[in-house]
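Colleague: Position chains P, X and G with the ligands against the provided structure of chain V, taking the given hints into account.
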Amino acid sequence: MELKNKKLTNDEFFKEREEVLRQWPTGANLSLEDAAEYLKKVPEHKNFPKKLRYAKENGITLAQPRAGVALLEEHINLLRYLQNEGEADLLPSTIDSYTRQNRYNECEVGIEESKKAGRSMLNGFPAVNYGLEGCRKVFEAVDLPLQARHGTPDARLLSEIIHASGWTSNEGGGISYNIPYAKSVPVDKCIRDWQYCDRLVGMYEEMGIELNREPFGPLTGTLVPPSMSNAVAIIEGLLAAEQGVKNLTLGYGQCGNLVQDVAAIRALVEQAEEYFRKFGYDVYLTTVFHQWMGGFPHDESKAFGVISWGSATAALAGATKVIVKTPHEAVGIPTKEANAAGIKATKQTLNLLRGQRLTESKELKAEIELIKAETKCILDKVFELGNGDLAVGTVKAFEAGVLDIPFAPSKYNAGLIIPARDNNGAVRYLEFGNIPFTKEIKDFNRQLLEERAKYEGRPVSFQMAVDDIFAVGKGVLVGRPENMK
Amino acid sequence: MELKNKKLTNDEFFKEREEVLRQWPTGANLSLEDAAEYLKKVPEHKNFPKKLRYAKENGITLAQPRAGVALLEEHINLLRYLQNEGEADLLPSTIDSYTRQNRYNECEVGIEESKKAGRSMLNGFPAVNYGLEGCRKVFEAVDLPLQARHGTPDARLLSEIIHASGWTSNEGGGISYNIPYAKSVPVDKCIRDWQYCDRLVGMYEEMGIELNREPFGPLTGTLVPPSMSNAVAIIEGLLAAEQGVKNLTLGYGQCGNLVQDVAAIRALVEQAEEYFRKFGYDVYLTTVFHQWMGGFPHDESKAFGVISWGSATAALAGATKVIVKTPHEAVGIPTKEANAAGIKATKQTLNLLRGQRLTESKELKAEIELIKAETKCILDKVFELGNGDLAVGTVKAFEAGVLDIPFAPSKYNAGLIIPARDNNGAVRYLEFGNIPFTKEIKDFNRQLLEERAKYEGRPVSFQMAVDDIFAVGKGVLVGRPENMK
Amino acid sequence: MQNGKTVVIGVIGADCHAVGNKIIEHALKENGFNVVNIGVLSPQEDFINAAIETNADAILVSSLYGHGEIDCRGFREKCDEAGLKGIILYVGGNLVVGKQDWKEVEKRFLDMGFNRAYPPGTDINISIKDLKKDLGIE
Amino acid sequence: MQNGKTVVIGVIGADCHAVGNKIIEHALKENGFNVVNIGVLSPQEDFINAAIETNADAILVSSLYGHGEIDCRGFREKCDEAGLKGIILYVGGNLVVGKQDWKEVEKRFLDMGFNRAYPPGTDINISIKDLKKDLGIE
Ligand code: B12
Ligand code: B12
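Residue numbers (my numbering), protein chains in the order written: chain V, 989 to 1473; chain P, 989 to 1473; chain X, 689 to 826; chain G, 689 to 826.
There may be inaccurate statements among the hints.
As the list claims (entries may be wrong) - Within a straight-line C-alpha distance of at most 25 Å, the following computed DMTMM-like cross-link-like pairs (lysine to aspartate or glutamate) qualify: (1) V:LYS1324 to G:ASP789; (2) P:LYS1104 to X:GLU794; (3) X:LYS766 to P:GLU1096.
Note that these hints are calculated values from the structure, not bench results. Model, not experiment: these values are computed from the prediction.
Extracted from the complex, chain V is given alone in its bound form (with noise of 0.2 Å):
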């Protein structure tokens, strides 16, 4: 496979969909004319790419939950009540794992257990097996605009069949959505199959039709430091814009220390925006800050506490949007109960702090200042890696450890990073593995884990990311030693 960051051309592109069309029975018949057609029917209130626009020109978070369940009718339902009991502002469709590995076979199976077993067997909808028909099925249904949202390496025929159904908005990416989601699927087939996706947008975007597409920010949701997830969305957000996407949602997981999360996200709109004027695209960027991504506390009341925290964080930093986490989330699926309980939380929190911002400070300044510095070593190493070209560089990147997710599957994955947090619960590196980091910056990164070591009494070590793991889940941010508890 020859992989380049080049915008394939329509011989490529429709050469390629008659293969994939052809991957399950659903895709046959999918023509972009009448999903064109259908799209420039959605209503304005249907719109993601309008939504968006709308909420970052009046400074407003919206809320977004996550929601999937194997049967039709019972999808349907629980987005009706997330959107009419749960206030949500932008609905998502999360598809299962079944699908996300494109093993429609056992999808099938767990379609037909979940009706015998009269609740849901799979982890999210699998549209797919749904095809056009039950996909439109669902976005009639429903009053908001409707994203595809799951962890699928290779989600070409998926993403065909949610755009052909009116679905606004497609959630992913070439490194996001197969690093954290999958071990053994090479960088670049997975970034070719996302310039497909991508590719598939840009086409809509010449039909003048507007898309939203939103890389997967978080990764692993573990301790990823900000300076890595901004490299990786400013390289899928580069990628995409390639391929002719405009309206782009750039993602960034909550670490928890407030400064650093606000820090991160201004960073990642300046620094990408800086990106994308450089190459020349014209994308309308807007931002989605994640709740806390890693293990939650199990007591409801507390993962409250944590939801909320993520809510107030997305407000101060100006996201666009908040994706929501329930108070079921250390335990399993949540109900719709459950589900509306995290995103009403979440609403009355951003809706006190509307308008708010974190106001300006040294303090802030010095942290964007870091995690753009941070960024810029490692895009500049996969550019000089890929002789200029960023898909290249990227796959490159990987092989060198240059791009490296702390505790992800791949085993395309170094995994040499560690990251820690510091005595104020900022995410930092504590092992650089092949991270081309200035000398500065190692020291800076050093020097603040060992303010830790010495608070703790311990010295810098594993041991500590181990704990910060576990940390949140336990009701604190940062993971002390058993005898400072």
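Modeller: Chains P, X and G with the ligands only, in chain V's frame:
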């Protein structure tokens, strides 16, 4: 009555004491010496002043619920539940409203009715009726410091009983437990009665027993501008210090705008300490932040949002403790489970934020300066009216409307000022009544409200205050007009 | 735009919650009622005396603090004794201690002789509509 | 401080949750086990092959993403067929979709032939204690 801000003499105190102890049979035979002995044996972990010191020195914010029921056994169960399941750091005993009005006969009825009904018919724990014996039982049954929380204009007997029972803190003050809680208790009478309560604490201090005192910061809990509540807090702090109180917690009720709330706490500490220095009082000062004290949303998930945002603000402000609301707030006295849920959401938030503070910014600085300047205008006038005597000045200031608490029931309160939120949700003065602000301050308040008026397309008016009263209950901070929702 | 009707309002018992009371006064006045507000911390007698003195058409009792059940007992009977037979009695607020089933709570207060009882957080405009209906002015 | 026992660990089915898996490896090693980690996204066959190849004493199956019920069916039978009769099988994680009564869920997995099943968020050190007991090394 001749009121003066002067330490009561032993003669005055003990003469009055005889009368106080005769107010209800449980007052008989209370002995200061016996009490002192008992208090000296209070272990460190059940000592309010000690735990507050620890928290202040370690930058921790402690969580304290409100809780009280009619029957002794039930009350003990409740407190133990909040301690063990709720993970409270400090315990209260909230006193019922008949006791607050010294209607001990009605308490008896309430206790009897509660036994019959099998549920608490009183909104708190009738400590005076249970007397030393009952109150010591409560103290001995728990493992955390214990405080009386009430709203009693004449709390002299109550204070005698609770301190003698090992309760190492007492909430209240001559203004804050009168103007928001009573209709026709004269200002001088209540200040005088609280001088007694403070002197009692001073007596214990002189016997080497440190007790904590906490004026009630939030007053009516309803859009009280920070400078007004800070002025009252500082006055009550000074009055208490004169009587020999040494461990003092000054309070503030959340308004909802982060910068204003943090500024209020910071201004309170800085300014109170200036005054203590000026008058030569040696006071160990801590702070208490009250989660939103106005009308709550009925939906429990939304209530969690309000609770958590209050906790986050308390942490970011660096308050020594936070008073916790519950998901049942809008409806009724919480069950023990709902109460524990509120504490757990609070603690999770506090722990995530441990050590994090709102960073310095020009907005924060400006807000601190504004609150201090407003507070100083008020306090200068109070001292002037009293010819240098703070107690006399306070009485005259209420007569003159120089001290004026919004929405207070007391007929001794002028009720001329009207507060409303500005466009960022900070509480400002809409009508100044007789508050002696400089023209500059008045103009600035007005300008901020005009900005909101312009944004909302309606004139600055009382209707804004009315809308703001309902806003948080309806899920937002600022009460916008119907057509903007 | 006076509607000619007089209403006594107040907060019963040892209850100091003043905010709702001020809002109710404001709303009733806006609706053309003559309002006699006896304020917070008011015993039953004060409501009754005010109603007699002003020849009131209705009494709206607020209780927020939880002792409503004790404080309101015998109110209807006292009204009857005082010659206020048939006067319209409403009660509202947070009437009982704790989060209880509203249907049961409502029944308790209707059994006490109140014409209507309202759950926590009732929009006062809804009650004003009921009041106008009950007074036959709308 | 090797204890001489070999354990195969992995995450079954289409499940990508890697963090707990890495933690379990870390904890087992600290406790002296020889750990064979087949990682995430592992079919039943991979567990069984690894166990045969390494002559393992136990298999610890993780399932976090909710499809555990489907993915684990017939695991015991496949072990038996492959000649791993009596091998110790544990399963843990977020085994089923949603917040379900644990006693019922546990029963389902014990009925499937697992020796022990653990609810969401189990402290791995507790399971390691059980494992040592079951292996007779403590
Ligand atoms: C981080 C995370 C992710 C990351 C994972 C990154 C990665 N590659 O590892 C990302 C964001 C990618 C992700 C994706 C998804 N996730 Co996820 N995720 C989580 C989360 C928040 C934390 C998991 C974690 O790392 N915990 C920390 C580790 C240390 O703990 P642990 O995994 O629980 O493991 C410990 C114990 O359980 C025990 N243990 C585990 N296995 C075993 C086995 C044995 C034998 C024993 C004795 C003990 C044991 O020991 C471990 C170490 O201490 C959980 C919810 C939570 N727990 O708060 C949801 C959760 C597991 N995810 C869930 C789901 C559904 C998904 C998705 C389908 C997407 C979605 N709907 O949002 C996809 C799955 C895609 C796929 N193909 O698998 C659900 C599962 C629901 C259910 N079972 O009903 C959960 C519970 C969230 C929820 N409530 O909806 N997720
Ligand atoms: C602000 C407040 C206070 C302030 C009051 C200041 C003041 N003087 O007004 C302070 C802090 C002083 C206070 C004190 C106490 N409070 Co308080 N307070 C509140 C709070 C948060 C808001 C009340 C409010 O102002 N709402 C806004 C107004 C506009 O709404 P409203 O009062 O509900 O009134 C509206 C409607 O109910 C309706 N309505 C009211 N009456 C009537 C009557 C009729 C006939 C009709 C038709 C309609 C109607 O119309 C009104 C206008 O819209 C409520 C909880 C809540 N609602 O969120 C607790 C609450 C009322 N308080 C409560 C309690 C227990 C107390 C205390 C005993 C202390 C304590 N345990 O913490 C003391 C009482 C002392 C005393 N002697 O009364 C409890 C009552 C519990 C119960 N019933 O089971 C509540 C519900 C909180 C709780 N869940 O524990 N409180």
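Colleague: Does the structure keep X:LYS766 and P:GLU1096 at a Cα separation of 25 Å or less?
Modeller: 23 Å, holds
Colleague: V:LYS1324 and G:ASP789 were given as a pair; does the straight-line alpha-carbon distance stay at or below 25 Å?
Modeller: Holds - the C-alpha atoms of G:ASP789 and V:LYS1324 are around 17 Å apart, at most 25 Å.
Colleague: Taken at face value, is the distance from the CA of X:GLU794 to the CA of P:LYS1104 at most 25 Å?
Modeller: 20 Å, holds
When held up to the earlier numbered hints, the structure conflicts with none and fits them all.
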